[in-house]
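With the hints in hand, could you dock these two chains into one complex?
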Amino acid sequence: MSKILIRGAKVLGGEPQDVLIDGETIAEVGTGLSAEGAEVVEAGGKVLLPGLVDLHTHLREPGREDSETVLTGTRAAASGGYTAVFAMANTFPVADTAGVVEQVYRLGREHGYCDVQPIGAVTVGLEGRKLAELGAMHESAAGVTVFSDDGKCVDDAVIMRRALEYVKAFGGVVAQHAQEPRLTEGAQMNEGVVSAELGLGGWPAVAEESIIARDVLLAEHVGSRVHICHLSTAGSVEIVRWAKSRGIQVTAEVTPHHLLLTDELVRTYNPVYKVNPPLRTERDVHALREALADGTIDIVATDHAPHPHEDKDCEWAAAAMGMVGLETALSVVQETMVETGLLDWAGVADRMSARPAQIGRATGHGRPVSAGEPANLTLVDTAYRGQVDPAGFASRSRNTPYQGRELPGRVTHTWLRGKATLVDGKLT
Amino acid sequence: MQRHLISAADLTRDDAVLILDTAEEMARVADRPIKKLPTLRGRTIVNLFFEDSTRTRISFEAAEKRLSADVINFSAKGSSVSKGESLKDTAQTLEAMGVDAVVIRHGASGAPYRLANSGWIDAAVVNAGDGTHQHPTQALLDAFTMRRRLVGRDAGLGQDLSGKRITIVGDVLHSRVARSNVDLLHTLGAEVTLVAPPTLVPVGVGSWPCEVSYDLDSTLVKSDAVMMLRVQRERMNAAFFPTEREYSRRYGLDGERMAKMPEHAIVMHPGPMVRGMEITAEVADSDRCTVVEQVANGVSIRMAVLYLLLGGNEPALTHARTPEEK
Chain V
1 MSKILIRGAK
11 VLGGEPQDVL
21 IDGETIAEVG
31 TGLSAEGAEV
41 VEAGGKVLLP
51 GLVDLHTHLR
61 EPGREDSETV
71 LTGTRAAASG
81 GYTAVFAMAN
91 TFPVADTAGV
101 VEQVYRLGRE
111 HGYCDVQPIG
121 AVTVGLEGRK
131 LAELGAMHES
141 AAGVTVFSDD
151 GKCVDDAVIM
161 RRALEYVKAF
171 GGVVAQHAQE
181 PRLTEGAQMN
191 EGVVSAELGL
201 GGWPAVAEES
211 IIARDVLLAE
221 HVGSRVHICH
231 LSTAGSVEIV
241 RWAKSRGIQV
251 TAEVTPHHLL
261 LTDELVRTYN
271 PVYKVNPPLR
281 TERDVHALRE
291 ALADGTIDIV
301 ATDHAPHPHE
311 DKDCEWAAAA
321 MGMVGLETAL
331 SVVQETMVET
341 GLLDWAGVAD
351 RMSARPAQIG
361 RATGHGRPVS
371 AGEPANLTLV
381 DTAYRGQVDP
391 AGFASRSRNT
401 PYQGRELPGR
411 VTHTWLRGKA
421 TLVDGKLT
Chain Z
1 MQRHLISAAD
11 LTRDDAVLIL
21 DTAEEMARVA
31 DRPIKKLPTL
41 RGRTIVNLFF
51 EDSTRTRISF
61 EAAEKRLSAD
71 VINFSAKGSS
81 VSKGESLKDT
91 AQTLEAMGVD
101 AVVIRHGASG
111 APYRLANSGW
121 IDAAVVNAGD
131 GTHQHPTQAL
141 LDAFTMRRRL
151 VGRDAGLGQD
161 LSGKRITIVG
171 DVLHSRVARS
181 NVDLLHTLGA
191 EVTLVAPPTL
201 VPVGVGSWPC
211 EVSYDLDSTL
221 VKSDAVMMLR
231 VQRERMNAAF
241 FPTEREYSRR
251 YGLDGERMAK
261 MPEHAIVMHP
271 GPMVRGMEIT
281 AEVADSDRCT
291 VVEQVANGVS
301 IRMAVLYLLL
311 GGNEPALTHA
321 RTPEEK
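In order, the protein sequence lines correspond to chains V and Z. Per UniProt numbering, the very first residue in the first sequence carries number 1; after that it's consecutive. Per UniProt numbering, the very first residue in the second sequence carries number 1; after that it's consecutive.
No lab work stands behind these hints, which were simulated from the structure alone. Positions of the beta carbon are idealized from the N, C-alpha and C atoms, including for glycine. Some hints here could point you the wrong way.
Beta-carbon label-pair distances, calculated as ranges [said to hold, decoys possible]:
no.	chain 1	residue 1	chain 2	residue 2	range
1	V	182	Z	232	17 to 25 Å
2	V	267	Z	221	36 to 44 Å
3	Z	232	V	425	54 to 62 Å
4	Z	13	V	206	51 to 59 Å
5	V	206	Z	256	47 to 55 Å
6	Z	58	V	206	37 to 45 Å
7	Z	72	V	423	53 to 61 Å
8	V	321	Z	12	29 to 37 Å
9	V	109	Z	72	37 to 45 Å
10	V	404	Z	2	51 to 59 Å
11	Z	246	V	65	52 to 60 Å
12	V	428	Z	12	52 to 60 Å
In isolation and in its complexed conformation, chain Z is listed as follows (with noise of 0.2 Å):
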């Protein structure tokens, strides 16, 4: 493992499977009484938004806190960087405040990135999604949950996603997401195909190991996961595609575009979900569709990366053990 977690491009296959692996150790803490590890007492993690996201702070503190680590939360609005503070001054002043890694969450494209690379602080820098970039973590969540379902619990420990065809539907241009999980899904050995008006397929997508598509029904049937990503009613304005129905009609998923995917497949969405645009009710409250249970695992998998960034090579769970925990 590398000292930061920029970009699911930087992790290898090995690793890869590492943080899936410990994910896995780490979803059985949810299972006890008491849902804590005294893994990172004495650590602080602060999580630096300066974009708001409910849901990935609140996964990222649900996983620094079971893992006893003392969570630091920082949200642009009503700090000094509206005032004008840059994000240099903003990280600086809370690694001098003691701060061993930090979690960011930034609209501009390679500020991880920037913070890891250019010298201003020491602290491990997490991405928990950078503008239209990356989000690595949802990437790992969403292989976590793919292997879980299409290789199995115990079955997977150890294994990658080999052979498995994986469909990602929607505005890929604007998505981290997707870009991440080309990468990381490409790594696991899966096959991806993107499904998207051209509109929404950036220039250059050629260079991606990836097929692309503007035909889903065709997709579908050879699917073993079909994540639909969300679309933001604004794109109908920058003329991305006529109208919303136009866009559900050839692009979203139904219960009928459903019924043709293979049996075993899922249906997966990273949220948050805009009903009746990319996807309908039926399939949102389906038992294929994966949305609750990737939340679920987000945490998990954000413990797994925080506890193998910061917490050594000692084994999650003989804690007791451990020499930092004497």
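Chain V on its own, in the form it takes in the complex (with noise of 0.2 Å):
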């Protein structure tokens, strides 16, 4: 089997280290390791992180090969640093089955970028009215754990708690995308002083967080963990912290854009900033901000979500919504959370590493960087800065909305279980 030397890398931001893979494995880390035998990776000072996961992922495949495939979609998330992504439900056919759930897994570990871990539909059809297999969806190949009908929210309050009750067999856990469809109805942007203006159908912050009031209160009634998708208000915030306090099995998290844009954005009317739930305010960033540092929200999940060129450029009605993100995640936390002194580097391993993975149920990711551990890691030179050029991505999608925006550090390389997906910025 072959080895690596990656010598002096800042592991978790610490002091410069030497790092030893050999084969699938972590062999060593320590100082004045011995390259014999092994190829050397001058780290120079880049920071080492454990590969990234991202529980939130759009791959697009089937159905919608235009926007995004598995391949290109996990290219995606190596170029990113990240070494597992869990890919959502609301594919053509939608991922309610078995068979749908483990040509998606296949398809990943065929590419061999990123593992693929699918997540399973909550309701068949994604339509919120009769509970799909999730047993068999467990059982399969694929090993689903987590579900979710993320794109629509599972409304109906029984079927939430049947799900809610029913995945403990397994130890499963529905993720939901908190969105009372009553408020939301003709939602364009987030409701307040910008929609007032530009006469957009508002998205108003009470439609996600009644539903996460709701679900908490049903995960704590039926001893169930709950996890929020991306979650965007200063009010369910709260909530979630208040959760937390009760002893209530909550997990949330927030994504990138969430982390660094606001509503004043639409103002553009420029659909790339499109996406759902909607950008909020200022207040909310903040809050967000400073609810990911405390953990009262877990992780980052980087809620993927490639579209068509044509599906955004367009009046932002006919626009889709959302945003790519895998290549970009990780420069937006240094930004919003390592250079604000929010998180450090071993604060960003937790939140983008560890604690999506065991909220997931990935095995082998989001371990420590240390001897016997599975080498899923990811370099990161984090003194760079660089415009955002969509036209490099891996992604099959250009629909970012940091085109051209300046943002710091760029991941050099990634490895999957010792296998380079990324060498110097570039694909293997």
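Listed below in structure tokens is the structure:
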């Protein structure tokens, strides 16, 4: 088996150390390790993190291969420093059977850029009426443990309760897209000062917060764990904080874009800023950052949502919702959390690797950088600053809100079980 | 003046007064036996209407023809748009035919802004109403009507609406007319009060440069102009108010209420009116109601806007001596 010596890397941002990979495993971590028989990667003070884990990715295959495939999506993931992604179920056909989740799982394994862990739909066809065969998806080769109707809210309280209860049998978790449907009919952007001026239908914070409040109470009542997707408001933070203080098993994610961008950008009517849940206000952004720092929000998840160009090159109301995010997530987190002093690199590793792996039960991911652990690693040039150029994306889609924006940090190397998927910023 | 007219909020006080003054000049053309200026001869303007609107389209068309422009009318129904063609492709197709200006009405808020700012086309863009966002020429014609009635036709030249108290009543939430008027009237120095049931006022209205009241009667007595907005009956089904009759009782303008207004105060309506809903026939047909005047003024305002956007800096009525008219 091949050996790789990463020399002089700041492991989790600490003092420079050498890390020796032997085959699929980290063999040794220390200083002055021997390079004998090993390929040497000079880290030169770059930061070494465990491979990132994304609990919320849309790979679009099967069905919308014009916007992304498992191959292009996992290449984008490797470029962004990810070694595992959870693929959302809103494909065509919907990932609501063992057959579809096994197909997505198998494609990920075959391509080898990043582990793909399919998420199963909670209800048949994401329609919110009838539970999908959750047990069959769990027992399939894909071993599904996370279930979500993402894109749609499981708004029926009884269906949500049953799903929360049912998945306890095999340690599953329901990831809720919290959006009260009646309160968001025709919703186009955050409801507030900007929507009032622009005349765009409002997506009120209460539509998210009311579902989260209901679901944490349901989770408490039936003793289940619940995960909240892409939490976006200051009020949601308060509810999750309260629920955790009561010992309710709730976890929550925030997207990079909700940590950085606000609804003021919608004034351009440029649909590249159209996303669900919508960009909120400055106050929400600050509440989300603080909640991620203090652990109220457990993880960063990208909600990477590729769309073809024509679905964004149009008027706002006609445009699709969503942004690509895998290739810019770590840079946005560095900008919003590290350079603001809210998180150190160990904290980033926790929020972007260890905890998402725990929530999704992704074995072998999110582990410490120490001897005997799987060699899933990401090397980051944190001193780099540069403008985002979507032309260089590995993703098939270009719908990034950061085009031309200067962001810090660049992933130079990614290793999946000892195999390099990204070397010097280039995919292998 | 900017190259496009997208939002009333983009106009400075001086821009707005210039448009109103120019519209007064244009209005004189209507009094002539031959109601036509050669100002935009050889220019092509397309009226790109993705939403049904008879009165606004006809008003623009009349304005364009009085300025001697070549006019193309495009309505989405029965066109390639109904076959799925995008706004971008439609606009580029029209521009390829040599269009100098696009007058656009669209159901999606921001569509004219996108058309003007996405690099899709080079033509000047005039917003003829977009979704629930803006309808700037409506606000201009309303301001023109107010200035004539409240300041005076000649006395008003060069003047704004400083100190005038304007009340706008009705479905503010879904109204591009209300948004445009609040912006423009504020710019022109007027004091605006919006009156509506709380369900029909947008969340976030607190940042608008106006007052909000839920009580029509107490506001009427201190208004120089009262603008009634159309209230669609469908809103009732979405629970914005309980019944049509309750809406009329609380927010409709009838003769009794009109009598409480100051003697000089006028009643306005952008049309189309829903008689019996927000306004009774008695009020609509009274001398104080300017609905028909507003329509006539609309042509003058649209002539002024198109002239200022496309015609250059020459005085509008000295056409015989401008170089391009040789």
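(request) Could you check the hint for me, namely that residue 72(Z) and residue 423(V) are 53 to 61 Å apart, CB to CB? (result) 57 Å, holds
(request) Look at the Cβ atoms of residue 109(V) and residue 72(Z) and judge whether their distance stays inside 37 to 45 Å. (result) 58 Å, violated
(message) Quick check: does the Cβ-Cβ distance between residue 58(Z) and residue 206(V) fall within 37 to 45 Å?
(response) 43 Å, holds
(message) Tell me if the beta carbons of residue 246(Z) and residue 65(V) are separated by a distance inside 52 to 60 Å.
(response) 54 Å, holds
(request) Given the hint of 54 to 62 Å, check if residue 232(Z) and residue 425(V) actually sit that far apart at their C-beta atoms. (result) 56 Å, holds
(request) Hint says 51 to 59 Å; check whether the CB-CB distance for residue 13(Z) and residue 206(V) agrees. (result) 39 Å Cβ-Cβ, so the 51 to 59 Å window is violated.
(request) Using the beta carbons of residue 321(V) and residue 12(Z), state whether their distance is inside 29 to 37 Å or not. (result) Cβ of residue 321(V) to Cβ of residue 12(Z): about 36 Å, so the range 29 to 37 Å holds.
(message) For the hint 17 to 25 Å, verify it against the beta carbon of residue 182(V) and that of residue 232(Z).
(response) About 20 Å separates the Cβ atoms of residue 182(V) and residue 232(Z), which means 17 to 25 Å holds.
(message) For the hint 47 to 55 Å, verify it against the beta carbon of residue 206(V) and that of residue 256(Z).
(response) 39 Å, violated
(request) State, for the Cβ atoms of residue 267(V) and residue 221(Z), whether the hinted interval 36 to 44 Å holds or is violated. (result) About 38 Å separates the Cβ atoms of residue 267(V) and residue 221(Z), which means 36 to 44 Å holds.
(message) Just to be sure I understand the hint, the distance between the Cβ atoms of residue 404(V) and residue 2(Z) should be within 51 to 59 Å; is that true here?
(response) The hint (51 to 59 Å, Cβ to Cβ) is violated, given that residue 404(V) and residue 2(Z) are roughly 24 Å apart.
(request) Go ahead and decide if the range 52 to 60 Å is satisfied by the Cβ distance of residue 428(V) to residue 12(Z). (result) 58 Å Cβ-Cβ, so the 52 to 60 Å window holds.
Consistency with the previously given hints fails for numbers 4, 5, 9, 10, ordered from lowest to highest.
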